[in-house]
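J.: With the hints as your guide, set chain B onto chain Y.
Going down the list, the sequences are from chains Y and B. Going by our numbering, 208 is the number at position 208 of the first sequence; the sequence numbering is gapless. Quick note, our numbering runs 1000 ahead of the 1-based positions in the second sequence.
Hints listed in this document are in silico derivations from the structure and should not be mistaken for laboratory results.
Just so you have them, the derived chain Y footprint on chain B, three or more residues with Cβ under 8 Å:
{"no.": "1", "segment": "1053 to 1067"}
{"no.": "2", "segment": "1167 to 1177"}
{"no.": "3", "segment": "1328 to 1340"}
With a cut-off of at most 30 Å between alpha-carbon atoms, the simulated DSSO-like pairs for lysine-lysine come out as follows:
{"no.": "4", "chain 1": "B", "residue 1": "LYS1098", "chain 2": "Y", "residue 2": "LYS167"}
{"no.": "5", "chain 1": "B", "residue 1": "LYS1361", "chain 2": "B", "residue 2": "LYS1154"}
{"no.": "6", "chain 1": "Y", "residue 1": "LYS361", "chain 2": "Y", "residue 2": "LYS167"}
{"no.": "7", "chain 1": "B", "residue 1": "LYS1224", "chain 2": "Y", "residue 2": "LYS40"}
{"no.": "8", "chain 1": "Y", "residue 1": "LYS224", "chain 2": "B", "residue 2": "LYS1036"}
All C-beta atoms in this analysis are idealised placements derived from N, C-alpha and C, irrespective of residue type, glycine included.
Protein chains: 2
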Amino acid sequence: MFIQINRDYDNKYIYQQIYESMKQQILQRVLKVNEKLPSKRQLATQLQVSVNSVTLAYEQLLVEGYIYTIERSGYFVEDIRLFEVDHAIQHTLPEDLKEQVVHKGGWLSLSHMSNNSRMFPFKSWLKHQTEAIELFAKELCELSEAQGPYILRKNIASLIQSTRGVKCEPEQIIVHSTTLGLLEQFLLLQAKDTVIALENPGYARYDQLLKRHQFPVDYVPLDKYGVDIEALRKGESQFLLTTPSHQFPTGKIMPISRRVELLNWALEKENRYIIEDDYDSEFKYKTDNIPSLQSLDYNSRVIYLGTFSKTLLPGMRISYMVLPIKLLREYKAYFNSLIQPANILAMYTLNQFIETGAYQKHVRKMNLMYEQLRTELIKQLMNRFGDNIEIVNIPAGLHFLVKVHTKKSYDQIEQALTKQKLELYTICRFLLQEDAYYLRNRYLIVGFANIDLADIDEALNRFEQALFH
Amino acid sequence: MFIQINRDYDNKYIYQQIYESMKQQILQRVLKVNEKLPSKRQLATQLQVSVNSVTLAYEQLLVEGYIYTIERSGYFVEDIRLFEVDHAIQHTLPEDLKEQVVHKGGWLSLSHMSNNSRMFPFKSWLKHQTEAIELFAKELCELSEAQGPYILRKNIASLIQSTRGVKCEPEQIIVHSTTLGLLEQFLLLQAKDTVIALENPGYARYDQLLKRHQFPVDYVPLDKYGVDIEALRKGESQFLLTTPSHQFPTGKIMPISRRVELLNWALEKENRYIIEDDYDSEFKYKTDNIPSLQSLDYNSRVIYLGTFSKTLLPGMRISYMVLPIKLLREYKAYFNSLIQPANILAMYTLNQFIETGAYQKHVRKMNLMYEQLRTELIKQLMNRFGDNIEIVNIPAGLHFLVKVHTKKSYDQIEQALTKQKLELYTICRFLLQEDAYYLRNRYLIVGFANIDLADIDEALNRFEQALFH
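Only chain Y is shown next, with the shape it has when bound in the complex (with noise of 0.2 Å):
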């Protein structure tokens, strides 16, 4: 058996060299089905090793299979087939599947997607965090309940009761790493006929999620109040997802006199049911936060879903879902056998972080700083284009719409922003199915929450070029 042993320092351990020759050489069939090896003492003879080597490469070959051993006779190759080779097969990476690594260096954000940063109370967080450590170190080491952990969910409750009205039990809470997940969960327990209304226009992702599933969709013009409830009723959908604090993407707040149609509509037919996304109404300016659909519904028809994306991380990926109790009975029997998918240190930071009153505070020191921000970028953009421009100026959320009137079409518009690195997106990506007064308009989603103060003036100036020049 001729093997070569490479003794250079920082080559691979001389057994390893062995194992891996004769793994080759038997794969190859230089060495022969059944042919019997030299034994241990031979081969280290032979190849100027120690036993040891030898040992240890016979062993590793052993338990991998590659040879076999016959008591007081010795070792033996295995009977292993040659691997077939399909030479047709592309082993590189394509071009197009290569991933460009976007530098965002210059950019700035007028997104409603990302959050600020430097705002993100990570001293406070990890000291939390700390302390989860301590509290929970034997919690922190095994699988949480499939819902989420108990202490969590009695957490979360307290806190929506007192901030969004939301009635509920910690039993009712499912924790999850994407609201996302939270609807994908709850579809599977639906026949794949049901039909969904989805707000237009509206989040797309949600559009997404239901074409991967197959549902069909009503898409649901709004009016000035939001969802148009005489267009709803004119198509047969059993779930309505909305967003009544904040309407995404128009930032409609939906009136009393609408929410009690939409759910006297849900109490209409059995099953039913109004899927609330509360997605960022933590933050609201001038007044008092608007009380949640869920807290006006005697009727168990809203299931409501809640994030920590926008109050705390976009990438903290802890949302929740309350399912009224008899939607609960159906998902327990559905899912009790799931692993939770969120990161546990980070549902127990968060569980100190709200019991502490942390939160809270973050919260409130957020919502003025929005506020702050919402107002001088209002200021700055009437000032410089009062004319060409109508903010729809409603003080909640981290975005708002502005009509702007240009001659640039949406893809002119797009691709000038883009030229001028200012992230900004239109309506176009959320109008889920054409909507003639959008396509005719020009509208705007301003996201305040990752700009600077200070980069407003230079915001809007690349603002100008983009949309004016």
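T.: Positioned in the frame of chain Y, the structure of chain B alone reads:
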């Protein structure tokens, strides 16, 4: 208008009391539709409160749509329908849905599922987290790439190249919060009648997932080499889900001969793939680790699944999938709009943990500790029950199989274990399909990752009581 104001210090603000009271009166039609409200000044005088309190209340009622205003005429009650109420709805949580908080005090664990708490290097983890916060301040405040941060995927790619022989580019890696979630995504890409082969006994959660999505499943029995290739050939499976490094739960290590047969099987039909779940391959005793099946695959027919649940914390919730190039293109076309579900702080901390070598050091340390625990547990099991048990002693992973000579049924064993407060599972829950051999005999899955050396003796006292008394 009658509004009772409570001026106690710890009561609600006066404006909130006015708001609440008027809201109820409007909803209950005590105040009639289109009724004119008193002016702010009038109401303030009547209630003996400040005009400011009334203003705040009116503003809140306005923004929520309870009242409307006509310039120079004042405020009026909106036209709001009456709530319809379903009196049959049950509002209190029924007893059977109440969660019992289980106190695990006094329990000992020989479960295969949990890790040893005291060994997780929280301090080192926190140090790398602080590092991550400094290095990636900007990235932490945005959503990561849908497949996970590129830098983390790059580090995972070189980690699994060196430890598992896995060949891939960072582009081929998809990070996710759960292995089941990755599998679920992959399934959504497949036709609904796709047959999927599962090992039996095997991982029950996979079976539940496939059932939830109504995929036809072919349960393939094991022979001494793992998946029975002849049985597999009799079926019509397009995918095989297998655990070659350490079959779950029997612990078998698949020899190279069977690996070659499986890889050749995959090549026989277009779009046939093997899904390799490498769930605990980091732990191998006596010899080196067994290279992954993916490392032997020259035809891009293996989908590789890995996780950090076993090496770090079960609740870490960071898993990954390595897709062959052809499948990657399909995946990206379908899932490009997904939001990465893993916690962003955990992902960047893990990145630092791997990049600095701390992860590899931790795994080596755990491997040594687990080997010691395993050796001691087996020694004590043999000493005490040598004649009544057979240990399937395959030195890999975090559990091994024990055949017990007892007259007790599986049900009786499980009840007795609970009574003894010993967390330990029988093979029953992993029999995806009835299997005469395992039903005739009594097999236990003995885990050693969450027991202290000092507790082994007491655990085996309970073992004795539960199985032999």
